Amino acid sequence: MTPQDFKSDQYVRFCPGCGDHAICMALQKAMAEIGIPPHQTVVISGIGCSSRMPHYLNTYGFNTIHGRGAAIATGVKTSHPELTVWQMTGDGDCLAIGGNHFIHSLRRNVDLNICLFNNRIYGLTKGQYSPTSPKGFVSKSSPFGTVERPFIPAELVMGARGTFFARTLDVDMPTTVNCLVEAQRHKGASVVECLVNCVIFNNGTHAWIADRDTRAERTIILRHGEKMLFGRDNEKGLALDYSQGLLPVLTVVPADDPRVLVHDTTLADPTLHRMLALMGQQRYMQVPNGADLPDDGLPIALGVIRNVAEDTYDAAVNRQIDEVRAHAKAHTFDQLTATLEQF
Amino acid sequence: MQQVVIRFCGDSGDGMQLTGNLFSSLSALLGDEISTLPDYPAEIRAPQGTLGGVSGFQLNLGRDVYTPGDKADVIVAMNAAALKVCTLGSKFNHPGAVFNTRDALYKPDAIIIVDTDSLAPKDLEKALYTTDNPFTELAIPESVQVIPVALTTLTKAALADSGLDNKAMLKSRNMFALGLVCWLFDRPIDRAIHFLEGKFAKKPTLIEPNTKVLVDGYNYGQNLALNIRQIVVDHTRTVPDGSPTDLRRISDGTPTAHRRLADGREEANPYPGRRSADGRPTVNTTPDVPAERPYTSIAGNKATAWGLIAAAEKAGKRLFLGSYPITPATDIMHELAARKDMGVMVVQAEDEISGVCTAIGAAFAGDLACTSTSGPGLSLKSEAIGLAVMAELPLVVIDVQRGGPSTGLPTKTEQTDLMQAVYGRNGECPAVVIAASTPANCFDYAYRAAQIALENMTPVILLTDTYLANGTSLWQIPRLADLRDIRPQGAPDALAGRFNPALRDPDTLVRYFAPAGREGFQHRNIGLERDAERGTISTNPENHEQMVRTRQAKIDRLAERLPRLTVEGNTDSDTLLVGWGSTYGHLRAAAEALHCAHAHFNYINPLPANTAQVLAQYRRIVVCELNTGQFAALLRSRIEGLHIEQYNEIQGQPFAVERIIDFVKP
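Top to bottom, those sequences are chains A and B.
Numbering-wise, our numbering puts 534 at position 212 of the first sequence, and it's gapless, one number per residue.
Numbering-wise, our numbering puts 525 at position 517 of the second sequence, and it's gapless, one number per residue.
Derived from the structure by calculation, the hints contain no laboratory data.
Just to be clear, a hint being listed does not mean it is correct.
[Unchecked claim] Calculated pairs, DSS-like style, for lysine-lysine (alpha carbon to alpha carbon, straight line, at most 30 Å): (1) K207(B) <-> K651(A); (2) K175(B) <-> K115(B); (3) K348(B) <-> K509(A).
Just so we're clear, the structure is a prediction, and the values are computed from it rather than from any experiment.
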C-alpha cells in the first residue's frame, strides 16, 4: 500500500502553513507503512481544525461533535475490535470539553490511536486560549493574559494510567511517522502529542524548539534501546543525578559519560517516563515560547516515551463475552425465555 | 370478586418486595391477571421502624386487571410505621393527621392484617405516634376490619426448634404473613412452597425454615378460625395485560374484537404477517396455529431489555448498550450486562454523554446500538442524539421518565419528558418518539424502537417511566419466529466505490448504510451539514434547506408505515379519553366505567397518520397526562383548530382511576 491509497478526493483545507498539513501527510505515510487496508481503518474526530482530518483520509471517517471523539471511538473499537481505530483531536477538543472521555479511554486502555494536535490555541473559533496555553498567554478571550495553569498532556496521560505516550513536532516528518506507526502497533490507548503550529492565531508557538537552528539543542529524540543523546553532534546525554536531595533528577552529562541512560519504553513503573516527558515542560508552559526563563539545559523529549503492554478494554470485554457464552446454557432468545417462570 | 388489591407494607428490611412478588407469581399461576407496583422508600437504608423506611408492594389481581389499583382491599402492615403510612398516604408526616378516604391507601371497608408485636411503645415512638393506641390515634374507621396477629411471636414459635438465631428468625416474619394471605385468598399452599424453593435456590438452608413459617401462617388462618371470610377471586384470564400490541406475527389468541380502526378503514398492512386491527392474523400465518403460549410476569425494565435482545437476534445484529447508572433506568443496564450469554455488549460509560456516544460509535460500525437513561440523562445526551439525526445512524434511546425538572423526584413517575424527546435538540432535528404503555409491552415497543431505527436510519426515543419500569404485568412469552421481521437498511453492492452517506432510497428517503469495515464503501460521515448529492460538507443555503426538509420528510413518511391509531371502549360515545404511554391501564379502566371511548398513543412522533380523522369524530376530547399538558400541546400544534380538554396530575404518582372518572363524568 502507498500513501496515495489513504488520500481522499477532498481538497485539504487547512490554512497554508498550518502544521496539520504535515501530520496529514505523516498519517498517510504511516497508514501505508502499517498496511491495514483503508476499509478496515476508522478515523474518528470531534470538532476543531484537526478534527477535519478524517475528510482527507480515504478510510471510514466520522467527524462528530465537540469533545466526544474518544467516546465514539471507544464504541467503534469495543464493538468491532477487528477495526483499526484512530482518533484525531486537538488541545481544546481533547483536554477541555472532552477531558473526561480522554482520561477514561486511557484508564480503560481502549486500543485507540489518539493524535493530539497541540497548537495551544482554539483556531476554529478564531483564537481563544486553550488548556495548554502558557500561563499569561494573551488571546481574544484573555486580553490581559491568562491566569490559568495549563495542562501538560504527558502528565495527564501518565496520571490516567496511559500505556503509550509519544511526542512529535510537525516539522519532523520521520519522527512523526515513526511515532504514528508505533502508536498503531501498540495494543491499547496510544497518545501521540503532535506539536503543531497555528500560522494564523498562534504562529511560532513551538518555534523555541522547532527552529532548525536550535532544535538539536532543545529537543531529544528518544529511541527504545538507544542511549539518550542529543545536541548538534549528539555530544550530550541524559543521566540521573542522585546528589540533589531525596529523589534523583535528570541532568545533562557528556555523551561519553557512563551514566548516560538507555531508553526503555517498556518500564511498567511510569516514574522515569514521566520525568522524561516533563523535561522542560514547566518552563515551556509558563510563558509564550518559554524563552525568557533560565535554561536548565534539559531538552524537550520527542519520540516514543512510554510503550507498555497491558490488556486492552476492547479485548477484555469481548473475551469475557466469549467465556460466558462458552459455558452458558442459553444462547438464543427462545432458549432464554425457556428459563422463565411460566404460567 | 372480580378484582382484589392487596398491599404488603413494612420496613425496608422486612422483605415486602419478595413477599409481593411471590404472591404475584402464585396468583398468575392460578390464572389471575396481575398488575403490580412496588413503592420503595427514597432512602436506601432508612432507620428501622421509621416512617421514611416503609416499603410497599401493591398487587391487583383478578379479571380485566389494567392497573395496580387505586386503593387496597387488603393491607398487610408489618409494623407501626407501615400502618401509619397506609392510613395517611401522602399526609403520613403531617402531625395530627387522621384517616380520610381520599388519602388512605386502602378502602374504607378494607381488611388490615397487622403485626401486634410491632406496636410496642418504642415502635410507636419511632413511627412518631403520640399515644399508645395507633388505631384510635389514626381514627381508623370501624368499617375497616383489623386482624391483629402476633406475627413476630408466632414466627419465633414456628422456628423454635430450627436453631436459627433471633435475627434470622425475625427475617421470616414475611413468610408467616404470606401464609396467612394465602389462606385468606384460598391459595394452594403447595404451589407457594414451590415458588419459595425457586427464590431460595441459591440459599438452600433457608428453604426449610421459610417453608415451615409459611405453612404455619397458612394453618394459623385455617385452624384458629380467624373471624373473616376468605376472598375468592374469579380467575379466568382474558387479555394478558390489556395492552394493544401490533407486534406479533400471529394472533396470540387474545380476543380484541372490540378494537377497530376509528375511521372505519381496514388498517394498512405494511409488514407481512402483522395483525390487523381486529387482532386476527392477516397474511403469512403458518398453517399450524401455535398452541397458547405461556405467560410470565415481567417488569417494564426487564421487558425493555428483552425486547432489545429479541430485536438484535431477529435483525442479525450484535446488541450494544452504552449507559450510565441513573434511577429508574439502571435495571435495563443490569439486565443486559447479565446477558453476555446472548452476546450483549454493555459499556458502563464515564457519563451520560459517553453512554450515547459509545452507542453511536457502535452504530457506525453496524451494531444495534442503544443507550438507556432517565430525564436528566436525556438532557445530557441531546447533542449526541442530534448527531445521530444528522449522521442518520440507527440508535435506540430509552428514557425511563421520572419526576423532574433537574434531579426532581428520582424514584417517582411522571410523563414530563415528552417535549424534550420530541423537540429537545438544537436545530430542526426530527427523531422518532414512541412510548410503551404497560410493563409487558415495553418488550414490544423496545423491539419496535430497534426495528424502526435499523430500518429507517434514525434515532428512536422510547419513553417509559418509573411506573412501567418497576411495575409488573403478565407477559405472554413470544417465540422469536412469531415476531415481525426486521430488515436493517443496507447499501446495494452497486454503490461500491462511489458510496456516500447522502445516497438514499427515493421513496422512503432512508439513506443507505455501510458499516465501517465493508470493503469499497469507505466514506466520511459528519455532524456538519452535508451536500445532498455528494455527502460532503456543504454550507450552501439551498442545500441546507433541502436537507432540513429531507430529514423531516423521512420521519413524516414513516407514519405511513406505522400502525394507525385505534379506538377502544364505547366508540359510539361522543366522549374520547386520550392518553399516551404508561397511563393506558388507568384510562382504559376509566373509559370502561364511563362507557366512553379511549384512544391511546404509542406513536408520538410521527403521530399516527389517522390522528386528525379519529379526533374529529368526537365532540368532547379529554387528554389525560401526568404532566401539565405536553401531549395536548403537541396535538394542538399538529392539528389545526383542535379543541380539547386536559386532565393533568403532577404528583409523581400514577393516576387514580376514580379521579379521572370524577373529572370526566358529566
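Numbered hints the structure breaks, given as an ascending list | 2
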